[in-house]
Amino acid sequence: MVDFTQGPAPKGYFSPLRFEADIYDCEVEGSIPKELNGAFIRVGGEYFYPPSRPDDSPFSTDGFISSFRIRDGLVDFKARWIKTPRFLKNLNARKQVFGVYRNPFTADPSNDYADKPFLGTVANTAPIAHHGKLYALKEDAHPFEIDPNTLETLGPWNFDGKYTAQTFSAHPKVDPVSGEMICYGYEATGLCTDDLWIYTVSPQGKVTREYKVKVPYVSTLHDMVLTQKYMIFPVYGYVTSMERLRAGQLHWAFDKNMPTYWGFVPRDGDGSDVRWFKGPASVVMHTINAFDDGNKVIVDAPISDGNPFPFFPQVDGSPWSPQLARHTIRRLVFDMASTGDTYQETILDPTDVVDLARIDDRYISLPYKYVYSSMADASQPYDAARAGPNRAVNSYFRYDLSNGEWRKYFAGDVHNLQEVTFIPRSATAPEGDGWLIGTASNYADMRTELVIVDAIEMKELARVFLPFRMTPQVHARWYNNTELPFSDEVMPPYRGRVQES
Amino acid sequence: MTLTRRDLLKGATVGVTASATLPLLPGTSSAAMLPDQTSHATADCRQRALHQQTPYFDYSGGGELYVAPTGTTRTADYAASLTDEEFLRRHWFR
Chain A
132 MVDFTQGPAP
142 KGYFSPLRFE
152 ADIYDCEVEG
162 SIPKELNGAF
172 IRVGGEYFYP
182 PSRPDDSPFS
192 TDGFISSFRI
202 RDGLVDFKAR
212 WIKTPRFLKN
222 LNARKQVFGV
232 YRNPFTADPS
242 NDYADKPFLG
252 TVANTAPIAH
262 HGKLYALKED
272 AHPFEIDPNT
282 LETLGPWNFD
292 GKYTAQTFSA
302 HPKVDPVSGE
312 MICYGYEATG
322 LCTDDLWIYT
332 VSPQGKVTRE
342 YKVKVPYVST
352 LHDMVLTQKY
362 MIFPVYGYVT
372 SMERLRAGQL
382 HWAFDKNMPT
392 YWGFVPRDGD
402 GSDVRWFKGP
412 ASVVMHTINA
422 FDDGNKVIVD
432 APISDGNPFP
442 FFPQVDGSPW
452 SPQLARHTIR
462 RLVFDMASTG
472 DTYQETILDP
482 TDVVDLARID
492 DRYISLPYKY
502 VYSSMADASQ
512 PYDAARAGPN
522 RAVNSYFRYD
532 LSNGEWRKYF
542 AGDVHNLQEV
552 TFIPRSATAP
562 EGDGWLIGTA
572 SNYADMRTEL
582 VIVDAIEMKE
592 LARVFLPFRM
602 TPQVHARWYN
612 NTELPFSDEV
622 MPPYRGRVQE
632 S
Chain B
329 MTLTRRDLLK
339 GATVGVTASA
349 TLPLLPGTSS
359 AAMLPDQTSH
369 ATADCRQRAL
379 HQQTPYFDYS
389 GGGELYVAPT
399 GTTRTADYAA
409 SLTDEEFLRR
419 HWFR
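Protein chains in written order, with my numbering: chain A, 132 to 632; chain B, 329 to 422.
In short, the hints are calculated from the structure, not lab data.
The model shown is predicted, which means the values in this text are computed figures rather than measured ones.
A virtual CB, placed ideally from N, CA and C, is assigned to each residue, including glycine.
Treat each hint with caution, since some may be false.
[To be verified] Okay, the calculated beta carbon distance ranges per label pair: (1) A:Pro598 / B:Thr332: 26 to 36 Å; (2) B:Arg418 / A:Asp239: 30 to 40 Å; (3) B:Arg418 / A:Gly310: 50 to 60 Å; (4) A:Ser372 / B:Arg417: 51 to 61 Å; (5) B:Glu414 / A:Arg493: 55 to 65 Å; (6) A:Gly627 / B:Thr332: 15 to 25 Å; (7) B:Thr411 / A:Arg517: 24 to 34 Å; (8) B:Thr411 / A:Lys226: 29 to 39 Å; (9) B:Thr332 / A:Gln335: 49 to 59 Å; (10) B:Thr411 / A:Gln511: 42 to 52 Å; (11) A:Ser510 / B:Thr332: 40 to 50 Å; (12) B:Thr332 / A:Pro520: 24 to 34 Å; (13) A:Asn289 / B:Thr411: 41 to 51 Å.
[Claimed, not checked] Computed far set for chain A versus chain B, every beta-carbon distance over 10 Å: (14) Ser146; (15) Asp203; (16) Phe290; (17) Asp386; (18) Phe442; (19) Arg461; (20) Val485; (21) Val524; (22) Asp531; (23) Lys539; (24) Val545; (25) Glu562; (26) Gly563; (27) Asn612; (28) Leu615; (29) Arg628.
[Said to hold, decoys possible] Derived, one-sided and incomplete: chain A residues facing chain B with beta-carbon distance under 7 Å: (30) Pro141; (31) Lys142; (32) Gly143; (33) Phe145; (34) Pro147; (35) Pro441; (36) Gly519; (37) Tyr574.
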């Protein structure tokens, strides 16, 4: 029998939802730009069955994908569980039969898929579209292809067997110049292995190159940055080991004594050409962008000095530090002409920001100007009586790297924003000319709202109301109707009886 | 004491502090749910916490305690206004 009363959120906004949803023609306030024809696709997760242990990481939740399909100013919403083998096996058993976060040794031996991670993943982290296909990603396994119209799961994909790493990161990069997707897997040859395997995928979906790299120590390589010359990978303080896993612990713990490494792989070289730079302890869970500047490489990222995730323990047993979990936007400069292994790191602004930062994706790997993310703006009102005492991330911002200007958008006094996405007004529009889109959790009215904001004026243009709260996302992206083969049908064709008279 | 779904909605027996004393499952000790007691915190020191819209059990005490918002739905008031018989008639899931 299912029982969530002993879980971390048995009631309130974050209590389990467990349903799939279709809403045709959503309620809209304001005016959705007519140019928008595509879908805002979110991937996140929640437990369909309670985890096997209460100390499991929230990153073990079952994958869930949802889509706001927008065209002609109208919106249709759809949400589905990602039907991984793990999800289906749990459903068949009517209980959780898998162990804790990325530790197959905590599962019943019949569900120990250490050598076949696609059987144990939850695919709950990010969507990516490339070569006309949509995938749901989690970094412990291969991508799962999703039908962009029905959101039904089409299964794991290994690129016709050419992608031979066992894992695939949640943050591949699509080069706007070549159209290639740069993707990679860490722990590529099995649990706790120091193999980082990198691949390029052509705009037609074929694997064209493979690079094999050894990392300085086994760590999360959650995100990367790309320039026109280099593929760049941060390695930082999370550590793991087979001993740790065999002891029944979560996959990661944080070691504040481990240095940060940045690995540079020339795009025209191979894995043996990797060059590592070394710096002080930090966490670079997410990146912003990078570009070449003569013999230098500029990397921007929201960086914290300590462990941002309180559910991953410190190896020394010290308590989690909210102060060290704060993220600031930093610029790192690497001198590729030098013979040293150090780099220059500058905090561009002391403001505490959410590390889910985004840019105009047409500028990935290129010089650029604007950073978008969200923040808890304490100068804005907050209705704690209705929304509860937990402080909310209430504003999106645009940060201008050229002059340090901040522009902000406030979503409301009972709202908590999720990751923002930038949509260009057109393929040829200047950088920053377009819209911001993202979902907000309305804690008071217990519903999810989609906001669409003018990205220059930072003014709200439209808000879409779901009549319920939706599973929180991890990452989301906008794809237009030239990037994915979206149908114009509002709902699946009617196949029932028709009465003529 | 067995926690019922209705008690939970009424907020009669659960809260941030009360939850720490609840068994993980009826008839199951917390030790049985945590096979590696040397490396995992016990249920006795866990608190409901929230981080970036993610609820979790905090064992170190460093996290932000999660308190579910009252909102405008007033589920607790609604549940408390009904007799047990009427509640079960309307909500047959128990």
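Checked hints:
1. A:Pro598 / B:Thr332: 26 to 36 Å: At roughly 27 Å between Cβ atoms, B:Thr332 and A:Pro598 fall inside 26 to 36 Å, so the hint holds.
2. B:Arg418 / A:Asp239: 30 to 40 Å: holds (39 Å)
3. B:Arg418 / A:Gly310: 50 to 60 Å: This hint holds: roughly 57 Å between Cβ atoms.
4. A:Ser372 / B:Arg417: 51 to 61 Å: holds (56 Å)
5. B:Glu414 / A:Arg493: 55 to 65 Å: holds (59 Å)
6. A:Gly627 / B:Thr332: 15 to 25 Å: Because 41 Å falls outside the window, the suggested range is violated.
7. B:Thr411 / A:Arg517: 24 to 34 Å: holds (28 Å)
8. B:Thr411 / A:Lys226: 29 to 39 Å: With Cβ atoms ~33 Å apart, the hint holds.
9. B:Thr332 / A:Gln335: 49 to 59 Å: Holds: the Cβ-Cβ distance is about 57 Å, inside 49 to 59 Å.
10. B:Thr411 / A:Gln511: 42 to 52 Å: holds (43 Å)
11. A:Ser510 / B:Thr332: 40 to 50 Å: holds (43 Å)
12. B:Thr332 / A:Pro520: 24 to 34 Å: Holds: the Cβ-Cβ distance is about 26 Å, inside 24 to 34 Å.
13. A:Asn289 / B:Thr411: 41 to 51 Å: violated (58 Å)
14. Ser146: For A:Ser146, whose nearest Cβ neighbour in chain B is about 8 Å away, the distance does not exceed 10 Å, so it is violated.
15. Asp203: holds (31 Å)
16. Phe290: At about 32 Å from chain B, A:Phe290 clears the 10 Å cut-off, so the statement holds.
17. Asp386: holds (15 Å)
18. Phe442: It is violated; A:Phe442 is separated from chain B by about 5 Å at its closest Cβ, not greater than 10 Å.
19. Arg461: holds (20 Å)
20. Val485: violated (7 Å)
21. Val524: For A:Val524, whose nearest Cβ neighbour in chain B is about 8 Å away, the distance does not exceed 10 Å, so it is violated.
22. Asp531: holds (25 Å)
23. Lys539: At about 19 Å from chain B, A:Lys539 clears the 10 Å cut-off, so the statement holds.
24. Val545: Given a closest Cβ separation of 8 Å, the condition is violated.
25. Glu562: holds (28 Å)
26. Gly563: Non-interface label stands for A:Gly563: nearest chain B Cβ at 26 Å, farther than 10 Å.
27. Asn612: holds (30 Å)
28. Leu615: holds (27 Å)
29. Arg628: holds (32 Å)
30. Pro141: OK, holds: A:Pro141 within 7 Å of chain B, min 6 Å.
31. Lys142: holds (5 Å)
32. Gly143: Holds: closest Cβ of chain B sits about 3 Å from A:Gly143, inside 7 Å.
33. Phe145: holds (5 Å)
34. Pro147: violated (10 Å)
35. Pro441: At about 4 Å, which falls below the 7 Å cut-off, the nearest Cβ of chain B leaves the hint on A:Pro441 intact, so it holds.
36. Gly519: holds (3 Å)
37. Tyr574: holds (5 Å)
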